[in-house]
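Protein chains in written order, with UniProt numbering: chain A, 1 to 325; chain B, 1 to 261.
Please keep in mind that the hints were generated in silico from the structure rather than gathered at the bench.
Keep in mind the model is a prediction, meaning the values are calculated, not measured.
Hints should not be assumed to be uniformly reliable.
As the list claims (entries may be wrong) - Here are some chain A residues pointing at chain B (derived, C-beta under 8 angstroms):
#1 T10
#2 D11
#3 S13
#4 F110
#5 I235
#6 L236
#7 F279
Claimed, not checked - Taking lysine to aspartate or glutamate pairs in the DMTMM-like style, the calculated list, with each CA pair at most 25 angstroms apart, reads:
#8 B/K117 - A/E4
#9 A/K184 - A/D11
#10 A/K234 - B/E219
#11 B/K206 - A/D11
#12 B/K225 - A/D283
#13 B/K225 - A/D311
#14 B/K257 - B/E167
#15 B/K65 - A/D311
To be verified - Here are the simulated distance ranges between beta carbons:
#16 B/T255 - A/S187: 50 to 58 angstroms
#17 B/T255 - A/Q197: 25 to 33 angstroms
#18 B/F130 - A/E304: 52 to 60 angstroms
#19 B/L135 - A/E304: 25 to 33 angstroms
Virtual Cβ for every residue (Gly too), placed ideally from N, Cα, C.
Chain by chain, the residues run as shown.
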Amino acid sequence: MENENFEQRTDLSKLSSAVAQIKATLSKIIVGQQQVIDLIIAGILADGHILIEGVPGVAKTLTAKLIAKAVDVKYSRIQFTPDLMPSDVLGTSVFNPQTAGFEFKRGPVFGNIILIDEINRAPAKTQSALFEVMEERQITMDSHTYKMDEPFIVLATQNPVEQEGTYRLPEAQLDRFLFKIEIKYPSLEEEIAIVTQQHQQKTADQLSDIKPVLAGEDIIALRRQVRALYVEPKILAFAAQIIHETRNNRSIYLGGSPRASLAIVNAAKAIAAINGRDFVTPDDIILVAAPVLRHRIMLTPDKEMEGVLPDDVIAQIIQKIEIPR
Amino acid sequence: MLRTTLLFVFLLIANLCFAGPDTTTVLKKAVVKNDTVAVSKKPAAVITDTTTVEQRSLDTVALNKYKKLPEFKYEETYNGPSWWTRFWRWFWEWLSQLLGRAGKHPGAMSALFIFLKYFFIVAGVSALVFLIMKLSGINMLHLFRKKPYSSLAYAESVENIHEIDFEAEIENAIAVHNYRFAVRLLYLRSLKQLSDNGLINWQINKTNTNYVYELSNAEQREAFKRLTLQFEYVWYGDFLINGEIFKRINALFNTFKSSAE
Numbered sequence: 001m002e003n004e005n006f007e008q009r010t011d012l013s014k015l016s017s018a019v020a021q022i023k024a025t026l027s028k029i030i031v032g033q034q035q036v037i038d039l040i041i042a043g044i045l046a047d048g049h050i051l052i053e054g055v056p057g058v059a060k061t062l063t064a065k066l067i068a069k070a071v072d073v074k075y076s077r078i079q080f081t082p083d084l085m086p087s088d089v090l091g092t093s094v095f096n097p098q099t100a101g102f103e104f105k106r107g108p109v110f111g112n113i114i115l116i117d118e119i120n121r122a123p124a125k126t127q128s129a130l131f132e133v134m135e136e137r138q139i140t141m142d143s144h145t146y147k148m149d150e151p152f153i154v155l156a157t158q159n160p161v162e163q164e165g166t167y168r169l170p171e172a173q174l175d176r177f178l179f180k181i182e183i184k185y186p187s188l189e190e191e192i193a194i195v196t197q198q199h200q201q202k203t204a205d206q207l208s209d210i211k212p213v214l215a216g217e218d219i220i221a222l223r224r225q226v227r228a229l230y231v232e233p234k235i236l237a238f239a240a241q242i243i244h245e246t247r248n249n250r251s252i253y254l255g256g257s258p259r260a261s262l263a264i265v266n267a268a269k270a271i272a273a274i275n276g277r278d279f280v281t282p283d284d285i286i287l288v289a290a291p292v293l294r295h296r297i298m299l300t301p302d303k304e305m306e307g308v309l310p311d312d313v314i315a316q317i318i319q320k321i322e323i324p325r
Numbered sequence: 001m002l003r004t005t006l007l008f009v010f011l012l013i014a015n016l017c018f019a020g021p022d023t024t025t026v027l028k029k030a031v032v033k034n035d036t037v038a039v040s041k042k043p044a045a046v047i048t049d050t051t052t053v054e055q056r057s058l059d060t061v062a063l064n065k066y067k068k069l070p071e072f073k074y075e076e077t078y079n080g081p082s083w084w085t086r087f088w089r090w091f092w093e094w095l096s097q098l099l100g101r102a103g104k105h106p107g108a109m110s111a112l113f114i115f116l117k118y119f120f121i122v123a124g125v126s127a128l129v130f131l132i133m134k135l136s137g138i139n140m141l142h143l144f145r146k147k148p149y150s151s152l153a154y155a156e157s158v159e160n161i162h163e164i165d166f167e168a169e170i171e172n173a174i175a176v177h178n179y180r181f182a183v184r185l186l187y188l189r190s191l192k193q194l195s196d197n198g199l200i201n202w203q204i205n206k207t208n209t210n211y212v213y214e215l216s217n218a219e220q221r222e223a224f225k226r227l228t229l230q231f232e233y234v235w236y237g238d239f240l241i242n243g244e245i246f247k248r249i250n251a252l253f254n255t256f257k258s259s260a261e
């Protein structure tokens, strides 16, 4: 909603147009899930990695593949399995008899959009291979550091940890994901729309008609714009207070890290930009609080046994904090 | 019939003739061989130990030296109970005398002693329970009641919108050209007005959007949404506001005020 009394300080027209194009592309295949799509776009604009969780069959992988197709960058997919090794992800040095020396063979992680499917089916040993690349956008191998190309986005999908054959991801890795987005079952109306769409589809490959709508350079430029948005000091304090309270809450065993404070502000900026504002409001902070925090906090064992969810505790924390006004 | 019988006999005989060889093995009788080892018939010689036995005796000097060491003194000397034990013995004797006398005192004194008796018993049991719980790490505060989700108390607002003299404060802000603050006060005044009219439920943890959606009247909701937009641009967005823009915004707020009255 534009304000007639004030002139726009930041030209967000390109960003709005890009967001509209991505949404239009995704809505060709994905039915409903508007908030999920908004959060994925916000995650990309906030320079974050995204973890998508849901039970089998709710189009986690399809959504991630669609995002990758909508952006014209190098895309690679890694299917995580229990026997996957770190070198299968990062790459390895191979002896070349012709040169009589070792050569580094780059692994699939070298790309712009990396889809890690079923990430929690690989054990902690393989997960730890992602620590450096996710945080520092580089890989150190044989005393040599390889920088990743920008943009570098990890889109990971996982089944809930209660499912058979899954591992709980290490806390250090979870903290590196900006958002954990939960995909729920569709409503009845959405389910009908999904079935109808599938029934009317002419080709077997759903993604064959999807064309890229955004280049890698566009993402870099949009990210720069998002980073420059204004955040009132009281709103920064509000975000920090939410994270701080997760460390003092009796229901929480492990609270949010300072990285979570940064994440909540960056994500709120992206949401503000998607909504056409160049400043952040408390609503933006509240909107991103649960996706930013739900995978970062660990509830106490008794709360877990009672069936309390991280989202419930986060909501209660926010309820206790005064809105800056 | 005869032919059939003859054929049967013929086949039987033929079968017997072509039967396989008997594979039963016959054990050969084992041959017993005699032991031919020669046995010596010489008697064994007895060897006598001729070494002299040297008798050894304890080194009394060393023994006395060890005996003097405190580590090897096993006799326990008892010097009577320690002062701490004596104190407690005295205390319990004094207490038992005091409580024993309770029955002899009539009226209030007797009641006091009975009270003291039970007080000490309860205090003793409580101290024991406290010690056990402390050692086992049980949080007593949450033993009998459900733990709250958060220890965080409501952060008390510095300002209470029901106590602010909005008209005076707004005039002061305009007088010093602090239009940003004036817009904030105008917005808070609108919230107070809606709260006073029972249209919204004022809570410090609600966002502006929450209040917008609390308004059931669509026209009023749209008007308040517009005011919220002005407030957010000025207060959260830090947009520069001059006297001209403020006049327009002030007019919006005043229109809303008069329509909501």
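Consistency of the hints with the structure:
For A/T10, the shortest C-beta to C-beta distance to chain B is roughly 11 angstroms, which exceeds 8 angstroms, and the interface hint is violated. Given the 8 angstroms rule on beta carbons, the hint for A/D11 is violated: about 15 angstroms separates it from the nearest Cβ of chain B. Hint status for A/S13: violated, given a least beta-carbon distance of 18 angstroms to chain B, over 8 angstroms. The restraint placing A/F110 at the interface with chain B is violated, with a minimum CB-CB distance near 41 angstroms, outside the 8 angstroms limit.
Annotation: A/I235 was flagged as interfacial toward chain B, and the flag holds, the nearest CB pair being 6 angstroms apart, inside 8 angstroms. The restraint placing A/L236 at the interface with chain B is violated, with a minimum CB-CB distance near 11 angstroms, outside the 8 angstroms limit. Annotation: interface hint on A/F279 holds; nearest CB of chain B at approximately 4 angstroms, less than 8 angstroms. With a C-alpha separation of about 82 angstroms, the suggested pair B/K117 and A/E4 falls outside the 25 angstroms cut-off, and the hint is violated.
About 35 angstroms separates the Cα atoms of A/K184 and A/D11, which puts this hinted pair outside 25 angstroms; it is violated. Between A/K234 and B/E219 the alpha-carbon distance is near 31 angstroms, which puts this suggested pair outside the 25 angstroms criterion. Taking the CA atoms of B/K206 and A/D11, the gap is about 30 angstroms. The hint is violated against a cut of 25 angstroms. In summary, the hint linking B/K225 to A/D283 is supported, as the alpha carbons are separated by about 14 angstroms, within the 25 angstroms threshold.
Taking the CA atoms of B/K225 and A/D311, the gap is about 28 angstroms. The hint is violated against a cut of 25 angstroms. Of the supplied pair hints, the one linking B/K257 and B/E167 holds, its CA atoms being roughly 12 angstroms apart against a limit of 25 angstroms. As the CA atoms of B/K65 and A/D311 are separated by approximately 78 angstroms, the hinted pair breaks the 25 angstroms bound. Remark: the range hint 50 to 58 angstroms for B/T255 to A/S187 is contradicted by a beta-carbon distance near 40 angstroms.
At about 48 angstroms, the beta-carbon gap between B/T255 and A/Q197 misses the expected band of 25 to 33 angstroms. Checking the proposed 52 to 60 angstroms range against B/F130 and A/E304 shows it is violated: the Cβ atoms sit about 30 angstroms from each other. Range check, B/L135 to A/E304: Cβ separation about 27 angstroms, and the 25 to 33 angstroms hint holds.
Checked against the numbered hints above, the structure violates hints 1, 2, 3, 4, 6, 8, 9, 10, 11, 13, 15, 16, 17, 18; every other hint is satisfied.
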